[in-house]
Amino acid sequence: MAKVIYSATASLDGFIAGPGGDMSWLTEHLGGPNEAADRLLARLGAILVGRVTYGGDDPNAGTDAEGAFGGQYDGPVVVLTHRPPDPAPAGVEFATDLTTAVERAKALAGERDVNVLGADIAAQCLDAGLLDEVLLFFAPVFLGDGTPVFRRSGGPRVRLERLPGETEHWYRVVRRPAP
Numbered sequence: 013m014a015k016v017i018y019s020a021t022a023s024l025d026g027f028i029a030g031p032g033g034d035m036s037w038l039t040e041h042l043g044g045p046n047e048a049a050d051r052l053l054a055r056l057g058a059i060l061v062g063r064v065t066y067g068g069d070d071p072n073a074g075t076d077a078e079g080a081f082g083g084q085y086d087g088p089v090v091v092l093t094h095r096p097p098d099p100a101p102a103g104v105e106f107a108t109d110l111t112t113a114v115e116r117a118k119a120l121a122g123e124r125d126v127n128v129l130g131a132d133i134a135a136q137c138l139d140a141g142l143l144d145e146v147l148l149f150f151a152p153v154f155l156g157d158g159t160p161v162f163r164r165s166g167g168p169r170v171r172l173e174r175l176p177g178e179t180e181h182w183y184r185v186v187r188r189p190a191p
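Using the working numbering, the first residue of the sequence shown is number 13, and each one after it goes up by one.
Honestly, the hints are just simulated from the structure, not real lab data.
One or more of the hints may lead you astray.
Claimed, not checked - Derived SDA-like pairs: lysine to any residue, alpha-carbon spacing no greater than 20 Å straight-line:
| id | residue 1 | residue 2 |
| --- | --- | --- |
| 1 | K15 | D50 |
| 2 | K15 | R187 |
| 3 | K15 | R55 |
| 4 | K15 | V185 |
| 5 | K15 | P160 |
All values reported here derive from a predicted model rather than from experimental measurement.
Make a model of the complete structure from these sequences and hints.
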């Protein structure tokens, strides 16, 4: 069954985008071998993204590396939004509620996994009990402000367990037993 995995590259002070959604800071930190990213990419069957991230800044815009995973991902994308465009671009589907978006992404992924891009949708998945894993990469930079890895105020503490045999920042979300 498809797992739902949130992956992101963050600054050392915990931001995945700079002020105003700026991603240009990431350009100098991309490229080069990254075995964990390669393993994740090999497992992916679909991407689930929020509208802000979908329409946001791409540090590789206008280059051969434009798009998810430096342009290496070529598969279905599901966008969660309240304002889907008509018609949808090829290879992109739009959903207006979280449950439908996750179910559709999982169906498109088949036996492979779903990668969540975007802090807001990742927090929504976490709060709804739909997030299975978190994989974080860190770039050696302090941004000082921007979009945090998780933007969620309040709510219960969420425990994560490091996945055995994986990079030190790849975690399983520990689910609380039902009461």
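Here is how each hint holds up against the structure:
Of the supplied pair hints, the one linking K15 and D50 holds, its CA atoms being roughly 17 Å apart against a limit of 20 Å. Using a Cα cut-off of 20 Å, the hinted pair K15 and R187 holds, with the two alpha carbons roughly 14 Å apart. A hinted pair counts as satisfied when its Cα atoms are at most 20 Å apart, and K15 with R55 qualifies at roughly 10 Å. With a C-alpha separation of about 11 Å, the suggested pairing of K15 with V185 holds against the 20 Å cut-off.
Of the supplied pair hints, the one linking K15 and P160 is violated, its CA atoms being roughly 23 Å apart against a limit of 20 Å.
Hint 5 from the earlier list is the only one contradicted by this structure; the remaining hints agree with it.
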